[in-house]
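Chemist: Required output: the full structure, derived from the provided sequences and hints.
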Amino acid sequence: MSDRSVFDLFSSTTNRRRFIRDGGLAAVVAGVAGACKAESPPAQKAAADQAKSTAGQTGGTMGPNDTASGASIRANPDAMDAMHEKRMKAFPAPTTGAGNQLLTPTVEQGIKHFEITAKKIQWETEPGNTVEAWAYNDQVPGPQIRVREGDRVRVVLHNQLPESTSIHFHGLELPNAMDGVPFVTQPPVKPGESFTYDFTVPNAGSHMYHSHHNAAKQVGLGLLGAFIVEPKAKTQYDSPDVDEVLILNDGAHGYTFNGKSFPATKPIVAKLGQTVRIRFMNEGMMIHPMHLHGIHMTVVAKDGWPVPAPWRCDTLNVAPGERWDAVVHCTNPGTWAFHCHILPHAESDHGMFGMVTALVVQK
Amino acid sequence: MSDRSVFDLFSSTTNRRRFIRDGGLAAVVAGVAGACKAESPPAQKAAADQAKSTAGQTGGTMGPNDTASGASIRANPDAMDAMHEKRMKAFPAPTTGAGNQLLTPTVEQGIKHFEITAKKIQWETEPGNTVEAWAYNDQVPGPQIRVREGDRVRVVLHNQLPESTSIHFHGLELPNAMDGVPFVTQPPVKPGESFTYDFTVPNAGSHMYHSHHNAAKQVGLGLLGAFIVEPKAKTQYDSPDVDEVLILNDGAHGYTFNGKSFPATKPIVAKLGQTVRIRFMNEGMMIHPMHLHGIHMTVVAKDGWPVPAPWRCDTLNVAPGERWDAVVHCTNPGTWAFHCHILPHAESDHGMFGMVTALVVQK
Amino acid sequence: MSDRSVFDLFSSTTNRRRFIRDGGLAAVVAGVAGACKAESPPAQKAAADQAKSTAGQTGGTMGPNDTASGASIRANPDAMDAMHEKRMKAFPAPTTGAGNQLLTPTVEQGIKHFEITAKKIQWETEPGNTVEAWAYNDQVPGPQIRVREGDRVRVVLHNQLPESTSIHFHGLELPNAMDGVPFVTQPPVKPGESFTYDFTVPNAGSHMYHSHHNAAKQVGLGLLGAFIVEPKAKTQYDSPDVDEVLILNDGAHGYTFNGKSFPATKPIVAKLGQTVRIRFMNEGMMIHPMHLHGIHMTVVAKDGWPVPAPWRCDTLNVAPGERWDAVVHCTNPGTWAFHCHILPHAESDHGMFGMVTALVVQK
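As given, the protein sequences belong to chains A, B and C, one line each in that order.
If you're matching positions, the first sequence starts at 87 in the numbering used here and goes up one per residue.
If you're matching positions, the second sequence starts at 87 in the numbering used here and goes up one per residue.
If you're matching positions, the third sequence starts at 87 in the numbering used here and goes up one per residue.
The set of hints was computed from the structure by calculation and includes no laboratory data.
There are no misleading hints in this set.
Quick list of simulated restraints, FRET-style, between CB atoms: (1) C:T190 / B:V217: 55 to 61 Å; (2) B:E235 / C:K172: 37 to 43 Å; (3) C:A338 / A:H436: 15 to 21 Å; (4) A:N162 / C:G214: 29 to 35 Å; (5) C:E316 / B:G359: 50 to 56 Å; (6) B:V217 / A:T190: 51 to 57 Å; (7) A:E201 / B:Q208: 50 to 56 Å; (8) A:G214 / C:G214: 45 to 51 Å; (9) B:H199 / C:T190: 54 to 60 Å.
Straight line, CA to CA, 25 Å or less: simulated SDA-like cross-link-like pairs of lysine to any residue: (10) C:K206 / A:A168; (11) B:K206 / C:N162; (12) B:K357 / A:P288; (13) C:K172 / B:A302; (14) A:K172 / C:G278; (15) B:K320 / C:V385.
The C-beta atom is built at its ideal place from N, Cα and C for all residues, glycine as well.
Modeler: What follows is the structure in structure tokens.
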């Protein structure tokens, strides 16, 4: 998993100049540095290099005012554009809290032991928007559990919520008693109680864990996380340079990627020539067709299972409960918008919001 | 098609004991026996066997009250859990009427002759919820028509509805005049009239028949059914041990599988080692990503056509009008939740409802 | 691209007769002739031939009034049917304006030069329904841009809208500065300004161009079009007899195909034995599972990329932002309904509307 957040937001010469003039980059980089440990000097250099090269070859040019009148009809557009620009420049906006953080197990007698506490917290989805969340280990999504096929694992769930709960390991082919469905495979885990899920990891791939009790509410409020299983036998797609989890949600917290809404989403960053694997996971109630600008994706796995023949796309429809693994060969430098293509999930007349992030390919 | 409904609802030792103590199983089995001819003794034995084996290996354990206080904060959760438990224990709940019943044709001079009468009925979707339905042969879905590729077939539609209607054989590549589109291929069939669809079955696979007149209303009210065509040349997937049709709907009757809402849905039952083919058909207005717990599905056909390379998943997104055939190799014993993963289609704070059933793999 | 609109709306003998008697065909053909240059005599002949042959073989027959009473219960159905019939007979209804018209570039020094002007217009989606549209070159969808892989292209956008805008070439792997995202790759193009997109076409396939500024509104109002790139190396699917673009939308203009709602949609017309390629593109906010009656589709490309193994279906789920290429081998003569299978997008109790058209296979 990459946690580099160096990025170059603007690439055309004109905007680059204005952006630097206004001090926008410094502000953003400061924000990034606080939230994400950005390496600001390389980011500036990469962006400058790119601006030079793209402008010199087949660059766009802003032409003269060739058709319409001017000042009056531009008053409102300027106000709208300023709102849009403000949101763009805020990206990636620092917020309190980060979800999907790798959870390091303790290991005893060869068993990987994970502690998960479910409780009510306050969660900042974007600057100024703090909501009630029901979270695992104070994160939305919950901490990322990453193990290997065949590992012996114990996940201890502690319930500090005001409701009963349970964990279903979505995608894992566990013994029935570990499946997490109250009144079918176990009793609900009452407030104040704990439950130990104890199993040998049966199958590889991109999976999830989430509540399976009053789940329309509990998952919507944040009781979900990624459960990644590395395969015993690696395929050609299992050693990407950058390995990202992108959990989509659309419940009580609005349209989010990994628990955050644009501009507080986290860009994916890679260097030119690297490969990025994106593990899409939908924990929401709606489809989200994810569109990557500038570079196609090669779909390599569905629900953790390798597809028989990888296929290419730029818009990948991810339905609730599905996981799709896609590989991106970063052959095209720049900052590429990456968003749900149900446009009302990504943009309003106040600017981009919700399900928007970027893939930054640095030269 | 299997109509065995023997199942083992609980598999953890703790719950198994409580369940037996409360007499829950007896009640359910009695219900099943009425509705579905359950074989109760094997069910009890299988469930007991399974409970023993899963608990002995990597079983979950209910830990002590380790974090929160107790009685007071549990008052509401207990009430909620009781509602959830009650619905779970009611499964599979007996209701009046069963849809998708195999319709035996009369055969004259080599022609398979089916009689279909469309009329308004009362339909019980779950205990206590009786709705108006527009039904073929008093069933929702209508009776299952099952023929072979190349068969000569006559389907006589009798319209006893207060509106005109027609039948479109969705997926069959019929001569145009048999396509069932009023004012394009035939006149509407007026109330009190009949119309004979007469054709040679042109292509194999999982198809549907439904109204194509005022269809947003008429299909939503129940004028739909499965039209299964067995191929002349069988593939390796065409001889499963259990062959199920699962018609999804989300119209006037709520979220239903084969016309019934949980807990009145019917479990799919197989023995360990058997293969189950599930023919998903969506007659609704929304996608339904169907999630099977515990065992993956291998997708083998789309709209009746074999896929070039079968692919695996645990969550299969089924869009309106689509049919998908998936094969499940029942390698993992237990009662596996099987539901739409748009969670508000499957669970509320009152418990599981709507698009929920189970795959029961018996040892 | 075919712009033949010869079609035969009715194929059963009974209706054929009534249709001719009522003068319906003449009316429709006159409408078609105005809007689409129909060749009426072959259409009449083909329809008559087909009616004869299908009726003679396995034709449907309207049976006697065998069950219900009659006149009284048929008063309302007759009124409803008359509304349905009227809409069917109106197809294809002439309207003012046609979208997706091929845009011929000027060529200078080997560069293909396209001029695109965005402005507010009035747009007739179906007879009597005129709405405000934001359009490229006075069309919804905008003019079709069709180039070859490797072409050097200039697209000059002139903004005569009351808001800023931009063009994103959805699916093209352009240099970042040409990607069309305001404040990321370029400044917004203000009202009265122009912007030149200048690039070498990097990848083949079915792509789109649309606004990427306040896009939930601007694309919904019509700022979108097809960008088709013919490949340098043709595959077996790249030389169909008929090549159609079908852009789906569900925004401010209702449910539309290429900017028009049924009965103003345009039928796709081919001769028996021909192949038709349909390039589905979804510019809306909802999925649209497209169902073709009578003949299956073979899916050959996703987002412009050939699929590794073509697969067959009759219902193709198209999500927002996706493009799918499907080939239809026109082996079954007749007028085949072709519609979104979310039925409320295609039919109401007033008859077919919105996302409905037909594939007409002429003998």
